[in-house]
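All chains, full assembly: derive it from the sequences and hints.
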Amino acid sequence: MSDDLREGSGARGLWIGLAIGSPVIAYGVVGLATAAPVGRTLAVGRWAAGLLVLHDALVVPAVLALVYAVRRWAPLRVRPPLVAGLLGTALVLALAAPGVLGLGNPSGNPTVHPFDTTVATAAALALVWATAAAWGACAVWGGLSARRRPGEAARGTARERRRSR
Amino acid sequence: MKVPAPAFRSRLHDERTAAFLGAALGIAFVTCFVTGLLSHVAQDPHPWFPWPSRPAGLYRITQGLHIATGIAAIPLLLAKLWTVYPQLFQRPAVRSFPHAVERLAIVPLVAGSLFMLFTGLANINLWYPWSFNFRVGHYWVAWITIGALVVHLGAKWSTTRGALARAHTDAVLEPATDAALSRRGFLTAIAGAAAGLTLLTIGQTAWPLRKLALLAPRRPDTGPQGFPVNRTAEAAGVDAAATDPAFRLTVEGAVRMPLSLSLAELHALPWHEATLPIACVEGWSASRTWRGVQVRHLLALAGARPGRTVRVESLQQRLSYATSLLTSEQADDPDTLLALRVEGEALHLDHGFPVRLVAPNRPGVEQTKWVTRLVVT
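Line order of the protein sequences matches chains A and B.
For what it's worth, the numbering used here labels the leading residue of the first sequence as 714, then goes sequentially.
For what it's worth, the numbering used here labels the leading residue of the second sequence as 646, then goes sequentially.
Worth double-checking, as some hints may not be accurate.
To be verified - Covered stretches of chain B, as calculated for chain A (at least 3 residues, CB under 8 Å):
1. 724-738
2. 754-762
3. 848-862
Stated by the list, open to error - Quick partial rundown of chain B residues pointing at chain A, CB under 10 Å, derived from the structure:
4. Ile716
5. Leu766
6. Ser776
7. Ala793
Read the hints as simulated data drawn from the structure, not as lab findings.
We put the beta carbon where it would ideally sit given N, CA and C, even for glycine.
Below, the structure is given as structure tokens:
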């Protein structure tokens, strides 16, 4: 990260941002504090802080561990589709979780999640992994093709050649 | 014991990656903020910004965009936070006063962003695991988040511009790496994830894509009479009152001749037909053809003065959204109906039988169901 805040333009931008943004923040804080009883306002703060801690202390370390495992054990060419597939899986599960786990909808409104959410989630995951598999197959095929053409392999891929110029 | 800071050498944590993701996320958040404000104004009209009754499908578009952009922002936000995560371990933690201010402003930005996307996602699933009112929390935290975003934009403006301008040289210098993903691969995967989530949810409002809405909580073609319900008659506690043969609709308040009409008398009035969407704040929408009595016709029968507003009251006694307000413009719109039929059938109880309000360009929660009283003010 550059230390441009010590230089003119970065610090000037910060102060301009602060001049515009801090009244907006204050408007939100005052609005929140006056719109609801103190206990409920504090609950908003607790949820926001809790989500921040959950993300920084649990989600990111878990992703780091997963990425480390992929780098450690997966072959180089299949890493991108594998990581993309895992990313897609996590997102699909996050979006589908309320429906699959039956969270919410306390009045039992039959038009909320009107279909079999497990089947729908499985279908979405199948789409994710079909895309990842196609990507992986292309990557492996590309590798095999390059191996069959020794000259090509020695020269590297087109992108690698561009980089080396 | 001194704990060493973890080393993050990947290109996925550099300024250029952060700049790309930040620009995309900034656009998404501003879109969500503006469309969210419009939804707020549509539910609580302000004298200085009366919500128009035309175009009829405007709210359907703004709220559909609000939810779709919020969903697409989930991978963008997580990717951006992943990219800048190493800065948590930056040493020294504070280098100068401006640097301290900048870092401090990141706390409401990140906490607010996570809060907004989590509560929004829970809301479209009607899941409320907290003690505060969703609308109050979501609305006011949006202001805090957007304010913090403005501070962050100011602080990062020159860095971001510089990082984006280094396009060509940076690509040439990028070394071969054994990282799980290159920067290009990472950004492509995130863009693909955002597009994929949109594709798998947008069908709740985009009719042609409804079969693909595998991750959307609603399907616009599923429910009583072929479209969803936000609150059932049972949940509203109106089953008995709505089916009572003694049901009457009254028009009262600032009128010369208060009306009290039985269902048969209401049916005997001139009917009008309009094709209008029910567009829910949770992002789903469905267009239907409604038939019923024009509100302006009823107001004329009751001798209401021009320029009046109308409070529409439901049979439901508890829960929110038991009443809604029609501005003068909305009440006078020829397509603002007290609907008695949809697609040629009597309304299903869950869709507001015997009478519901249907008007152009209104949030679904303001299309009051089980209407029993119009109060002219």
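Consistency of the hints with the structure:
Check result for the stretch 724-738 of chain B against chain A: holds, 6 residues qualifying (beta carbon to beta carbon below 8 Å, three or more required). Given a C-beta distance limit of less than 8 Å, the hint that chain A covers the stretch 754-762 of chain B holds, as 5 residues qualify and 3 suffice. Given a C-beta distance limit of less than 8 Å, the hint that chain A covers the stretch 848-862 of chain B holds, as 3 residues qualify and 3 suffice. Below 10 Å, beta-carbon pairs count as interface contacts, and Ile716/B has one with chain A at about 7 Å; its hint therefore holds.
Hint status for Leu766/B relative to chain A: holds, with the closest Cβ pair at about 7 Å, below 10 Å. Given the 10 Å rule on beta carbons, the hint for Ser776/B holds: about 5 Å separates it from the nearest Cβ of chain A. Restraint check, Ala793/B versus chain A: the minimum CB separation of about 6 Å is within 10 Å; hint holds.
When held up to the earlier numbered hints, the structure conflicts with none and fits them all.
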